[in-house]
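**Student:** Full structure from sequences and hints, please.
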Amino acid sequence: MKPAGDERTPDGGEHAVERPAREQLLTVRRDEYPGALVLTVSGEVDGLTVTRLRHTVAEAFADLDGRVLVLDLVKVAFLGSPGLRMLFDSAAEAVHHRGLESLRVVVDNSRPVIRPIQIVGLDSVLALYEDVAAALAV
Amino acid sequence: MGSPVASYRDFAHTPPVPPPSDREERPLRPPGDQQRSAARPVLHVVLGAEWVAASLARDRVRHWLEGLDWPPAQLDELVLAVSEAVSNSVEHGYGMGPGPPALEEAWQAGTVTVEGRTVPSGADGFRCVEFTVCDDGGWREPAAERGRGHGLLVMRACVDDLVVDGRASGTTVVLRSRPAPPAR
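Top line first, the protein sequences correspond to chains A and B.
Just so we're aligned, residue 9 is where the first sequence starts under this note's numbering, counting upward by one.
Just so we're aligned, residue 49 is where the second sequence starts under this note's numbering, counting upward by one.
What the hints contain is simulated information worked out from the structure, not anything from laboratory work.
Backbone N, C-alpha and C define an ideal beta-carbon position, used for all residues, glycine too.
Any given hint might turn out to be false.
Unchecked claim - If you want the ones that stay clear, here's a sample from chain B, every Cβ over 10 Å from chain A, calculated:
#, residue
1, Glu114
2, Ala205
3, Asp209
4, Ala216
5, Gly218
As the list claims (entries may be wrong) - Computed beta-carbon distance windows for the label pairs:
#, chain 1, residue 1, chain 2, residue 2, range
6, B, Asp208, A, Asp71, 43 to 51 Å
7, A, Ala85, B, Phe174, 25 to 33 Å
8, A, Asn117, B, Val90, 28 to 36 Å
9, A, Gly129, B, Glu178, 26 to 34 Å
10, B, Pro120, A, Arg37, 22 to 30 Å
11, A, Gly129, B, Ala171, 30 to 38 Å
12, B, Asp208, A, Glu40, 27 to 35 Å
**Tutor:** The structure is reproduced here in structure tokens:
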């Protein structure tokens with residue numbers, strides 16, 4: 009049996025889709041501020057990449073030291089249900105275990121991110137902001 | 049083939065958020081744009097059942113729908129819906145948890161097939177797309193754990209019609225889109 013992950017395209021005639029390297033699908037940048045820790049997420053959040061994002065968020069919670077945590081999802085091109093589960097879990101962690109009011113998430117009404125968040129009702133669980141400045145100003 | 053273990057039909061209910069309007073959001077194409085590849089009437093992709101399959105499926109579905117001049121708002125929702133169906137196949141069909149597969153899991157993985165076709169819908173040349181996502185792994189109902197139902201909820205909100213046919217031999221999901229205007 010061929011190794012899993014190879015794409016076979018019986019329709020033919022199209023160039024082979026390069027399998028994206030896992031590292032390219034998601035990147036997370038961490039910025040420290042006196043009163044806040046901001047994680048800027050870029051790329052796609054699905055079953056393949058969510059584990060790494062969970063680890064990064066867990067590390068951020070551990071290093072918060074009384075500061076506010078902000079997840080910036082403006083550059084996220086895709087947010088699937090594994091990412092939605094992660095956001096629910098992170099919000100619960102923030103409120104129930106870290107004494108935070110809520111999990112602050114930045115989404116600029118970008119449809120690929122806002123739509124799934126609204127579908128599952130995450131918009132009433134998260135504190136949503138249109139940009140990082142607004143999230144930090146509170 | 050055995051009788052289905054679980055099979056249900058879901059018609060769209062009013063979503064909590066109004067579906068995006070398509071008419072204001074058509075991209076402008078320069079006249080005589082012949083660069084994009086000829087729209088294929090049918091999509092057919094066979095993928096190894098591992099976590100990267102959803103990402104590959106998204107790319108192929110997006111490319112195919114763009115070739116059909118599908119409205120951008122609906123296109124994003126269909127990419128999301130198909131991605132969820134593929135992820136479900138990988139996770140539930142083959143029992144793979146999230147994250148990179150162990151070597152042993154990769155060797156045992158099966159395949160997930162994504163097919164797409166256009167279907168006429170009513171008058172004025174409106175059309176739907178219908179996606180079929182199937183795997184050959186066993187289906188088990190997602191456990192009633194916290195957050196488990198999100199994939200199905202998301203799929204239901206993104207399409208007009210959803211059929212999930214789960215059998216011991218594998219699962220088939222059929223998604224039919226909302227109607228879209230004819231290609232220009």
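**Student:** All hints, please: hold or fail.
**Tutor:** Results of checking the hints against the structure:
At roughly 13 Å from the closest C-beta of chain A, the C-beta of glutamate 114(B) stays outside 10 Å, upholding its exclusion from the interface. Distance to chain A contradicts alanine 205(B) as a non-interface residue, since its nearest Cβ pair spans about 4 Å, not more than 10 Å. For aspartate 209(B), the condition that its CB be more than 10 Å from all CB atoms of chain A holds, with the nearest at approximately 17 Å. No Cβ of chain A approaches the Cβ of alanine 216(B) within 10 Å, the least distance being about 21 Å, so the stated non-interface status holds.
With 10 Å as the threshold on Cβ separation, the claim that glycine 218(B) sits away from chain A holds: the shortest Cβ distance comes to roughly 16 Å. Taking the beta carbon of each, aspartate 208(B) and aspartate 71(A) are about 46 Å apart, inside 43 to 51 Å as hinted. For alanine 85(A) paired with phenylalanine 174(B), a C-beta distance near 29 Å keeps the hint of 25 to 33 Å intact. A hinted range of 28 to 36 Å holds for the C-beta pair asparagine 117(A) and valine 90(B), which are about 35 Å apart.
Our hint of 26 to 34 Å for glycine 129(A) and glutamate 178(B) holds, since their Cβ atoms are close to 28 Å apart. Take proline 120(B) and arginine 37(A): their Cβ atoms lie about 28 Å apart, and the range 22 to 30 Å holds. Taking 30 to 38 Å as the suggested C-beta distance range, the pair glycine 129(A) and alanine 171(B) conforms, at roughly 36 Å. The beta-carbon spacing between aspartate 208(B) and glutamate 40(A), approximately 47 Å, falls outside the hinted interval of 27 to 35 Å.
Hints 2, 12, counting from the list given before, are not met by this structure.
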